[in-house]
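Engineer: Here is what each chain is made of, one letter per residue.
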Amino acid sequence: MTDKKSSVVKIILSLTLVGMVSGSLLVSVYNYAMPKIKTNVRAGTEKAIKNIFPETEEIKNTKEEGVFRAVGENGKFLGYAILAEGNGYQGIIKLIVGVNEDMSEMTGMEVLESQETPGLGAEIAGEAFRKQFEGLSLKHAMEYLKNQKPQEPYQIEAITGATISSRAVVNLLNERLDSVREKLKLKKI
Amino acid sequence: MNTFEELILIFIAASITNNFVLTYFLGICPFIGVSNSIDSSIGLGAATTFVMTIAATVTWIIYHYLLAPYNLVFLQYVVFIIVIASLVQFVEMVIRKISPPLYRALGIYLPLITTNCAILGLTLFMVLRNYTFLESVVFGLGAGVGFTLALVIMAGIREELAFCDIPEPLKGSGITLIIAGMLALAFMGFGGIISG
Amino acid sequence: MIKDFVKGLWRENPVFVQVLGMCPTLAVTTKALFGLSMGMATLFVLVSSGMVISAIRRFVPRQVRIPIFTVIIATFVTAADYFLKANFYEISKALGPYVPLIVVNCIILGRAEAFASKHGVARSFLDAAGMGIGFTLALIVLGSVRELLGSGTVFGYRVMWAGFTDWIIMVLPAGAFITLGLLVGVFNMMDKRFMKRAEEK
Numbered sequence: 001m002t003d004k005k006s007s008v009v010k011i012i013l014s015l016t017l018v019g020m021v022s023g024s025l026l027v028s029v030y031n032y033a034m035p036k037i038k039t040n041v042r043a044g045t046e047k048a049i050k051n052i053f054p055e056t057e058e059i060k061n062t063k064e065e066g067v068f069r070a071v072g073e074n075g076k077f078l079g080y081a082i083l084a085e086g087n088g089y090q091g092i093i094k095l096i097v098g099v100n101e102d103m104s105e106m107t108g109m110e111v112l113e114s115q116e117t118p119g120l121g122a123e124i125a126g127e128a129f130r131k132q133f134e135g136l137s138l139k140h141a142m143e144y145l146k147n148q149k150p151q152e153p154y155q156i157e158a159i160t161g162a163t164i165s166s167r168a169v170v171n172l173l174n175e176r177l178d179s180v181r182e183k184l185k186l187k188k189i
Numbered sequence: 001m002n003t004f005e006e007l008i009l010i011f012i013a014a015s016i017t018n019n020f021v022l023t024y025f026l027g028i029c030p031f032i033g034v035s036n037s038i039d040s041s042i043g044l045g046a047a048t049t050f051v052m053t054i055a056a057t058v059t060w061i062i063y064h065y066l067l068a069p070y071n072l073v074f075l076q077y078v079v080f081i082i083v084i085a086s087l088v089q090f091v092e093m094v095i096r097k098i099s100p101p102l103y104r105a106l107g108i109y110l111p112l113i114t115t116n117c118a119i120l121g122l123t124l125f126m127v128l129r130n131y132t133f134l135e136s137v138v139f140g141l142g143a144g145v146g147f148t149l150a151l152v153i154m155a156g157i158r159e160e161l162a163f164c165d166i167p168e169p170l171k172g173s174g175i176t177l178i179i180a181g182m183l184a185l186a187f188m189g190f191g192g193i194i195s196g
Numbered sequence: 001m002i003k004d005f006v007k008g009l010w011r012e013n014p015v016f017v018q019v020l021g022m023c024p025t026l027a028v029t030t031k032a033l034f035g036l037s038m039g040m041a042t043l044f045v046l047v048s049s050g051m052v053i054s055a056i057r058r059f060v061p062r063q064v065r066i067p068i069f070t071v072i073i074a075t076f077v078t079a080a081d082y083f084l085k086a087n088f089y090e091i092s093k094a095l096g097p098y099v100p101l102i103v104v105n106c107i108i109l110g111r112a113e114a115f116a117s118k119h120g121v122a123r124s125f126l127d128a129a130g131m132g133i134g135f136t137l138a139l140i141v142l143g144s145v146r147e148l149l150g151s152g153t154v155f156g157y158r159v160m161w162a163g164f165t166d167w168i169i170m171v172l173p174a175g176a177f178i179t180l181g182l183l184v185g186v187f188n189m190m191d192k193r194f195m196k197r198a199e200e201k
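Chains as they are written, first to last, in the numbering used here: chain V, 1 to 189; chain Z, 1 to 196; chain C, 1 to 201.
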């Protein structure tokens, strides 16, 4: 290490040099990695869509970002797959839901990303919780009940001990679905 | 929930229910190193809280007005850490001028704030969760308060521990970690405050 | 020379002896695989930044060495993070924000300051490698214990008997702290025993 008091010029020079080398290194890393990352994210989304609509042969984009058309054999329209995200208890929750053509019914729900508490909030990705969204009516805003079986076709039961995570899911879905309804110019509920 | 309620929620979450030290494991190094004295814990905690709040503010501005619009997000880590390091340097100078006794008391712990994972961690979370400006400031404040809280509680316990008989292999970091675990358990119970 | 490498594995193990780099240690070791991945990422950053810092050590003005070291470290961490996201997407998601937090992992700056900035590239490489591998081993041990008791598996393979109820606490923060504390205790006990035997010889 140069122990003598270095001139200001040397200091600025070394800082600039390091900055430039670091910057260019990072730009190349970025260019290398970004295409692969995009592919990974897309693969994850496609897998989730195929879980919701098992007969999917093709996934088409729509004008709206985060809204896809799942298309089956012979071009049969299976439904819309909609990406939704919002704040959960521990971080952002990213979901994808399947809905029918006029958005009156939900086909299913998959969790793409969540950082909720393992064993509690993380159960939103579990079979039991997700199954409630299959065939859920969307003719009314979704609601959640605590420690009670759903009374109406648009209600689900929150996970015991994970009310906040369950509520987060319901809220973010309601918001997203309303906004998509408007964008697709479908009838409001 | 209106904005004010949301802000209170973020504050309580960051300081208590999702305490940075006991839930996210951020800020452990100073937590284990400094928490043997209540006084230095309070001092370090206060300094850290100050740095955290300002760091949240500055990094938010830089991210949203510089990095994101110009597609420079991949420079995030480098830029954030430089900002934090500079802030700590600045705070050090300020404390030196304003209160030399405090400066002497904090000694080596001041520059250590830079490597406190909690500060970089909070800036990263803030970006991940897409907080607004106000939410970020409150988040930083809450995180600092939570950190100080964990530190002071631990210091209180350790000061008492000095009079106990601890098995040799566990002395020092071993027992501190175990106690931290019990504290973490206790803090988990706070999760109930928010539900409903 | 060999000593430079070996000391990181046991005598000066970053996790059990120096108690450094705790943040990622406790956070990601819910499964042995994650511990291994985080360890590898940290090893990469340790070795690459250590070698670079050692190589340029004569040219770095003393006053600005910490910022320069930090920028170098942050650059390698960014590279590691993006590499993981591109090639090991699932693991990257699981490790989450703790990969970028390698930047403030006290081990890296600590080794850079204490060793790499004062010794040649070859020795710095050995020092960094030793510390990195010692760190990784510690993480694998912690991760295995937590995964075994918390999910009944180790590296994904079911080990516990079918009726075993998972100790969920192992996967939660409290379990992490307590397990590490106990492991530190065990390490110290074993260390004492080795020392005694060496003296008796």
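Just so you know, the hints here were simulated from the structure itself, not pulled from any lab data.
Glycine included, C-beta positions come from ideal geometry on N, C-alpha and C.
Don't take each hint at face value.
[As the list claims (entries may be wrong)] Ranges between beta-carbon positions, derived for each pair:
#	chain 1	residue 1	chain 2	residue 2	range
1	V	54	C	155	23 to 33 angstroms
2	C	156	V	73	33 to 43 angstroms
3	Z	90	C	200	36 to 46 angstroms
4	V	27	Z	38	42 to 52 angstroms
5	C	59	V	51	28 to 38 angstroms
6	V	147	Z	2	39 to 49 angstroms
Engineer: The hint says 36 to 46 angstroms between residue 90 of chain Z and residue 200 of chain C; measuring C-beta to C-beta, is that right?
Structural biologist: 56 angstroms Cβ-Cβ, so the 36 to 46 angstroms window is violated.
Engineer: Could you say whether the range 28 to 38 angstroms given as a hint is met by the Cβ separation of residue 59 of chain C and residue 51 of chain V?
Structural biologist: Violated: the Cβ-Cβ distance is about 55 angstroms, outside 28 to 38 angstroms.
Engineer: Taking the beta carbons of residue 27 of chain V and residue 38 of chain Z, is their distance inside 42 to 52 angstroms?
Structural biologist: 48 angstroms, holds
Engineer: Between residue 156 of chain C and residue 73 of chain V, is the Cβ distance one that fits in 33 to 43 angstroms?
Structural biologist: Holds, since residue 156 of chain C and residue 73 of chain V (Cβ atoms, about 35 angstroms apart) stay within the stated range.
Engineer: For residue 147 of chain V and residue 2 of chain Z, compare the CB-CB distance with the range 39 to 49 angstroms and indicate the outcome.
Structural biologist: Distance hint for residue 147 of chain V, residue 2 of chain Z is violated at roughly 27 angstroms.
Engineer: Could you tell me whether the CB distance from residue 54 of chain V to residue 155 of chain C stays inside 23 to 33 angstroms?
Structural biologist: With Cβ atoms ~31 angstroms apart, the hint holds.
Of the numbered hints listed earlier, those contradicted by the structure are 3, 5 and 6.
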